[in-house]
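Undergrad: Sequence:
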Amino acid sequence: MSLPSTILSLLLYLMLAAGLALALWLLVRYWQERQYRRRPYVAPARNDWHQHLPAPDATLLHRVALLGDPGAVATDGTDPILQLLADWQHSTGAAGTVVILGDNVYPVGLPAPDSPARPAAEKRLTALLEAVGSYPGRVVLLSGNHDWNKGRPDGYEYLLRQEAYVAEHLPTALYLPQGGVPGPVTLPLADGVLLVVLNTQWWVQQGARPTADSKEPFRQLHQILAANQHQRVLVAGHHPLYSNAMHGGKFTAKQHVFPLTTVHKRAYVPLPLIGSLLPLYRKVVGAAEDMAHPRYRKMRRRLLRVLHQFPNVIYAAGHDHNLQYFERHGGHYLVSGAGSKTAFVQKGGKATFVHEHKGFFSVDFYSNGEVWLRTLEPAANQESPEVFRQRLVPGPVTAPPLVVPSVLREPLLPA
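Numbering-wise (my numbering), the sequence shown opens with residue 2 and increments by one.
Calculated directly from the structure, the hints in this document are not laboratory data. Treat the hints with caution; some may be incorrect.
[Stated by the list, open to error] Within a straight-line C-alpha distance of at most 35 Å, the following computed DSBU-like cross-link-like pairs (lysine-lysine) qualify:
| # | residue 1 | residue 2 |
| --- | --- | --- |
| 1 | 216 | 299 |
| 2 | 342 | 151 |
| 3 | 251 | 151 |
| 4 | 359 | 124 |
| 5 | 216 | 251 |
| 6 | 348 | 359 |
| 7 | 359 | 299 |
| 8 | 342 | 216 |
[To be verified] Pairwise CB distance ranges (calculated):
| # | residue 1 | residue 2 | range |
| --- | --- | --- | --- |
| 9 | 168 | 51 | 40 to 50 Å |
| 10 | 306 | 179 | 19 to 29 Å |
| 11 | 54 | 351 | 21 to 31 Å |
Positions of the beta carbon are idealized from the N, C-alpha and C atoms, including for glycine.
Start from the sequences and build out the full structure, keeping to the hints where you can.
TA: Right, here's the structure in full:
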């Protein structure tokens, strides 16, 4: 046998061995996923969560519902998430705020009035606005990548149309930050409770967007957090900073064999071996809306650099269609993107809680300084919609307020 044929045979054997190893790994992964998919995961240290409750003498001061990615809600009045949100509104009353974390209309936001897709988009957005239309508390809407026409170059036009539609049909709601600017925008919710809103899509958006210094919002955020260490602060944006799901580079075994299902759930075109290249690409290089993408990665790194300096700050996002909670560097990071769709989320890692299920988080602020996280899901097969809770802030925030530069004393919301 000649040397070239020997090398060729060796390469073929190596390729066969690699293929068999990959197939075995995928089978093991598939079996493991079948054991935990769609079941709530709680880190072992928090398995006794149901035994812990707010202090008996604690008085609820304010409550925030964090509902992400509701853009595909049912429009016939039967949507379980909208019904759960209605129950939350009824029990909370005026001492609450509903924060809708973006991706308010699937698949591409609000098209032009003459577009064939406009009626269906209008119907979905109207159903969402009607669900919060009579709520006596505050309603705040953010925008996500789908609201910007999935981040395409003409997405800014879609954003402005949606903002105008909300202003016309629900003028009491706040669409923040106004005009598609990056922010940050501050909104006091109650005594000692502050909401800060960022438009994270601005940093990853292609094409037209409002002109701004890409670094200045992070400097402003640092100033705001430094000046409000005596308050309990909730920062809201669309894009998560930690995630065990697709935008964080986590994929199912099925998506390695049928990679096109990451684009469409029914695209079952088998591409074994070759199919693993797409998840690898999404994990290492990243599509425009993945953490690995250069624009997203830079935004995330700068934002975490600020947030890691301030313990007990809560950052809430949507984007991945599941429920996730991470406690990192003294801060709290939420993914609440299960408002109308669900998608795979990997258990374990750095996560305290994950669940592939429709639902949303409620953050409850008490007069004694405690802050509690509650995970709420439609209670079809359970007695209570609450499937996990944890105290995020243990008690009074005692850090004295710092001297605020005069520029920050100006209101960040128009009068």
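Undergrad: If any of the earlier hints don't hold here, list their numbers in rising order.
TA: none
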